[in-house]
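We have chain A already, so just place chain B on it with the hints.
There are 2 protein chains.
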Amino acid sequence: MSSFPSSFFQALTEALGADAVQTGQAIAPRHHSDWSGAPPVQPLALVRPRSTAEVAAVLRLAHAQGVPVVPQGGLTGLAGAAVPHAQGIALSLERMNAIESVDAAAATLTVQAGATLQAVQEAAGAQGLLFGVDLGARGSCQIGGNLSTNAGGNGVLQFGMMREQCLGLEVVLADGTVLPMLRPMLKNNTGYDLKQLFIGAEGTLGVITRAVLRLHPAPAAKVTALVALADFEAALTLLGRLQQRFAGSVAAFELMWRDFVEASLKWQSLREPFDQPHAFVALVDVAGSDEAGLRAALEELLGEAMEAGLAQDAVIAQSQAQAGTLWKIREATAELPTHMHPPINFDVSLPLADIGRFAAQCRATFDARWPGHTAVFFGHVGDGNLHLSVDGATVDHDEAGVERIVYDKVAQFQGSVSAEHGIGTHKKPYLGASRTQEELAAMRAIKAALDPKGLMNPGKVLG
Amino acid sequence: MSSFPSSFFQALTEALGADAVQTGQAIAPRHHSDWSGAPPVQPLALVRPRSTAEVAAVLRLAHAQGVPVVPQGGLTGLAGAAVPHAQGIALSLERMNAIESVDAAAATLTVQAGATLQAVQEAAGAQGLLFGVDLGARGSCQIGGNLSTNAGGNGVLQFGMMREQCLGLEVVLADGTVLPMLRPMLKNNTGYDLKQLFIGAEGTLGVITRAVLRLHPAPAAKVTALVALADFEAALTLLGRLQQRFAGSVAAFELMWRDFVEASLKWQSLREPFDQPHAFVALVDVAGSDEAGLRAALEELLGEAMEAGLAQDAVIAQSQAQAGTLWKIREATAELPTHMHPPINFDVSLPLADIGRFAAQCRATFDARWPGHTAVFFGHVGDGNLHLSVDGATVDHDEAGVERIVYDKVAQFQGSVSAEHGIGTHKKPYLGASRTQEELAAMRAIKAALDPKGLMNPGKVLG
Numbered sequence: 001m002s003s004f005p006s007s008f009f010q011a012l013t014e015a016l017g018a019d020a021v022q023t024g025q026a027i028a029p030r031h032h033s034d035w036s037g038a039p040p041v042q043p044l045a046l047v048r049p050r051s052t053a054e055v056a057a058v059l060r061l062a063h064a065q066g067v068p069v070v071p072q073g074g075l076t077g078l079a080g081a082a083v084p085h086a087q088g089i090a091l092s093l094e095r096m097n098a099i100e101s102v103d104a105a106a107a108t109l110t111v112q113a114g115a116t117l118q119a120v121q122e123a124a125g126a127q128g129l130l131f132g133v134d135l136g137a138r139g140s141c142q143i144g145g146n147l148s149t150n151a152g153g154n155g156v157l158q159f160g161m162m163r164e165q166c167l168g169l170e171v172v173l174a175d176g177t178v179l180p181m182l183r184p185m186l187k188n189n190t191g192y193d194l195k196q197l198f199i200g201a202e203g204t205l206g207v208i209t210r211a212v213l214r215l216h217p218a219p220a221a222k223v224t225a226l227v228a229l230a231d232f233e234a235a236l237t238l239l240g241r242l243q244q245r246f247a248g249s250v251a252a253f254e255l256m257w258r259d260f261v262e263a264s265l266k267w268q269s270l271r272e273p274f275d276q277p278h279a280f281v282a283l284v285d286v287a288g289s290d291e292a293g294l295r296a297a298l299e300e301l302l303g304e305a306m307e308a309g310l311a312q313d314a315v316i317a318q319s320q321a322q323a324g325t326l327w328k329i330r331e332a333t334a335e336l337p338t339h340m341h342p343p344i345n346f347d348v349s350l351p352l353a354d355i356g357r358f359a360a361q362c363r364a365t366f367d368a369r370w371p372g373h374t375a376v377f378f379g380h381v382g383d384g385n386l387h388l389s390v391d392g393a394t395v396d397h398d399e400a401g402v403e404r405i406v407y408d409k410v411a412q413f414q415g416s417v418s419a420e421h422g423i424g425t426h427k428k429p430y431l432g433a434s435r436t437q438e439e440l441a442a443m444r445a446i447k448a449a450l451d452p453k454g455l456m457n458p459g460k461v462l463g
Numbered sequence: 001m002s003s004f005p006s007s008f009f010q011a012l013t014e015a016l017g018a019d020a021v022q023t024g025q026a027i028a029p030r031h032h033s034d035w036s037g038a039p040p041v042q043p044l045a046l047v048r049p050r051s052t053a054e055v056a057a058v059l060r061l062a063h064a065q066g067v068p069v070v071p072q073g074g075l076t077g078l079a080g081a082a083v084p085h086a087q088g089i090a091l092s093l094e095r096m097n098a099i100e101s102v103d104a105a106a107a108t109l110t111v112q113a114g115a116t117l118q119a120v121q122e123a124a125g126a127q128g129l130l131f132g133v134d135l136g137a138r139g140s141c142q143i144g145g146n147l148s149t150n151a152g153g154n155g156v157l158q159f160g161m162m163r164e165q166c167l168g169l170e171v172v173l174a175d176g177t178v179l180p181m182l183r184p185m186l187k188n189n190t191g192y193d194l195k196q197l198f199i200g201a202e203g204t205l206g207v208i209t210r211a212v213l214r215l216h217p218a219p220a221a222k223v224t225a226l227v228a229l230a231d232f233e234a235a236l237t238l239l240g241r242l243q244q245r246f247a248g249s250v251a252a253f254e255l256m257w258r259d260f261v262e263a264s265l266k267w268q269s270l271r272e273p274f275d276q277p278h279a280f281v282a283l284v285d286v287a288g289s290d291e292a293g294l295r296a297a298l299e300e301l302l303g304e305a306m307e308a309g310l311a312q313d314a315v316i317a318q319s320q321a322q323a324g325t326l327w328k329i330r331e332a333t334a335e336l337p338t339h340m341h342p343p344i345n346f347d348v349s350l351p352l353a354d355i356g357r358f359a360a361q362c363r364a365t366f367d368a369r370w371p372g373h374t375a376v377f378f379g380h381v382g383d384g385n386l387h388l389s390v391d392g393a394t395v396d397h398d399e400a401g402v403e404r405i406v407y408d409k410v411a412q413f414q415g416s417v418s419a420e421h422g423i424g425t426h427k428k429p430y431l432g433a434s435r436t437q438e439e440l441a442a443m444r445a446i447k448a449a450l451d452p453k454g455l456m457n458p459g460k461v462l463g
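Those protein sequence lines, which keep their order, are chains A and B.
For the first sequence, the positions run 1 to 463 when UniProt numbering is used.
For the second sequence, the positions run 1 to 463 when UniProt numbering is used.
Keep in mind that the hints were calculated from the coordinates and are not lab data.
These figures come from a predicted structure and were not determined experimentally.
Among the hints, a few may not be true.
Pairs involving identical chains hold if they fit within one copy or between any two copies, as the list cannot separate such chains.
[To be verified] Okay, derived cross-link-like pairs now, SDA-like style, lysine to any residue, Cα gap no bigger than 20 Å in a straight line:
| hint | residue 1 | residue 2 |
| --- | --- | --- |
| 1 | LYS222 | SER289 |
| 2 | LYS222 | ALA247 |
| 3 | LYS409 | PRO180 |
| 4 | LYS453 | VAL178 |
| 5 | LYS409 | LEU182 |
| 6 | LYS328 | ASP275 |
| 7 | LYS409 | ARG357 |
| 8 | LYS266 | ALA279 |
Next comes chain A alone, as it looks inside the complex (with noise of 0.2 Å):
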């Protein structure tokens, strides 16, 4: 089964710790991919190591034997990043998961890489305060994945990636060295910002272990509504008079074509959220401290949207149940594995004023190739990231024909293949639409610099 030799299992065991150290039909097949759909690897050992100084007891036998180490974290990610190399070994996070403090006064928090994001949303609110990244997958995604991916979602508008959470990073480079990089301050110019090259960096730099992250004031009150719009430039004028409006509040501009709210409502059996149908509908919410000021601050600037006629109609939710109402037409991506067969996912950025011609020649396109195709367009077009959605039955299943399409159109806008899921192994043949022969090449001399064996999480990313 193994082809380590026995003195490297051996020394791994009594580093770590029987318990910590499996093997073989031993390790559990959730370890064995992650939610891309790639096909599953067994690695030959699967580690659990319970502190940063096991970690690097790992890393440093690992690098002595030449054995290549795919860290994990909640194994959620979309873009094949965590599955495990064969001939390596996969180092779960998942016991180092502890928050370690929280400080309310400076609104920082200290956590382990393998703590989910639920957890550090829970630590944070119990004080008071909010942390800043929200998605779907909060209650199995960990922290220390999060960062690795540089995780978007739906927080970004207000405040920002991963990266903008991140005051402070303790990592463990290839050769077992620890870099301690935990100071919790927002100002820190001393030398290269060494934390932001981890961050986004899909383990194949070193291996995150703990982080000092930056919390915000939780506000009182948000306000949702929903906005139908005629067409995409509206949208664009009407984001930029909220947040004109509400500067730093502006909590979530979702932007639906015609096409997802239908099949949103058709799958989910909803009811027309306007009198008719409109081309594009934008969810909004706004947050602030007084619910009564912020609602009537919405509603102002909502009228005068459709007296100028801007805005072809809109509803504010008057409860939070409403807004929960609202917020479930976005939410029929969990319904996307049900309904398409199977669909072809992208998370693509744009620059924010070319998203609309982007949209509408991607699906011209995919037209004149698959006529009565299904396809659906939707997003955090506040942070231009566009996410489609093509059923793979009604394009011949021609995935790799999508993406061709897809990415040109991409390469062409000079947009980013992808904007907040990572690169992995999934979106690796297409690295080349968004970056330059020479920055990969730059990347390739950082990867070497830090890990010369090529040890850390192989063929991922750069491969």
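Chain B in isolation, oriented as in the chain A frame:
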């Protein structure tokens, strides 16, 4: 005068034209140093390229010849990073000063590195937008230098430092390779976020030539208050309440210790702002769209704080002129060189909760060693950033002794020896107080990977 081979000098002149290459006495003395007070150095040549292609040509030639290159922006740095190398060339970006475009809908601005901060602020303002970084040297400092030092300043509490304003960056590496990472997107998870390395690297990894910057809606209103406080803990509590009530809109929270207020009033012949002296005074700005509402909310919050004994006294400016008068107390920093002989200045960062203790311990240590010394404490305390200035004449001109006291204490409190000014040459001896040997080794490995001949701003930061 020059130790270049004449062929190198000729090649430079051929590539850039004679008017872009100066040597010896023809180099204006202002290019010999920066605002750090470091001793001036005359470089072998000053080159002033007009384009990224010309910057690349200079670096290719210097790389082939093994000539050190020191990039220069507005020369307002306080750490000495832009001081020339006697055997190298100074590369000034001053001719690359175009604001290339402003995209008001997307709130982004594309700019060449040599544009001044003020030019960027004005270009944003012309579109009803705001650039999030502001600092005293705005009319002279250049965007490339602001990025290379990850500048901070007055807007950090609300908008973050330069790093947070930068969506894209064009960089020329030591060998002349251009990395055109200018895609203007908020979300772009495609491999390592290379631009983060160059931000704050003080020109030691390459030359920043262009950037895409993020803009914000310009707030329609801003209200300023001055609040008297009995102790540091009260200041922290007040800050927390402000951030809770005005989430995302607290634009300034500048704390001044009594020593600073007293010196400021004396130096500028200003009146005491309150009926009696207080241990601490906080200057607060809140921004928003509705001035009357903002003022009413701030009045309510400060009224409650006074009733609860949290604040000792408070005054809210009723006009922009009154706000200017309140701000004048904080702006005494411009008077430091006149009234201290000379000032020994610090820019340190500490965990928020420790700033009060840190300041008290520094003062006690100074007092024990130099009874009757003069020192003033102030800073962007909302960011964890404390400035302090000690009058050299009152501490036997023992600059090294004062530095040792302050930086030892920074190390003890796990703080940063440079919050926003950078390392340059000035703080190099103290880098070890904020960074471990392992962290410095990782930085050197990255430097070697991107600049194997060590020609980019040699001797700065890592040395």
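Hints, one by one, checked against the model:
1. LYS222 to SER289: both (8 Å within a copy, 18 Å between copies)
2. LYS222 to ALA247: So LYS222 and ALA247 pass the 20 Å test inside a copy (14 Å) and across (12 Å) alike.
3. LYS409 to PRO180: Classified as between: cross-chain Cα gap 19 Å, same-chain 42 Å, threshold 20 Å.
4. LYS453 to VAL178: Cα proximity of LYS453 and VAL178: one copy only (17 Å, versus 27 Å across).
5. LYS409 to LEU182: Intra 41 Å, inter 17 Å, cutoff 20 Å: inter-copy only.
6. LYS328 to ASP275: within (18 Å within a copy, 57 Å between copies)
7. LYS409 to ARG357: Classified as within: same-chain Cα gap 10 Å, cross-chain 57 Å, threshold 20 Å.
8. LYS266 to ALA279: within (16 Å within a copy, 65 Å between copies)
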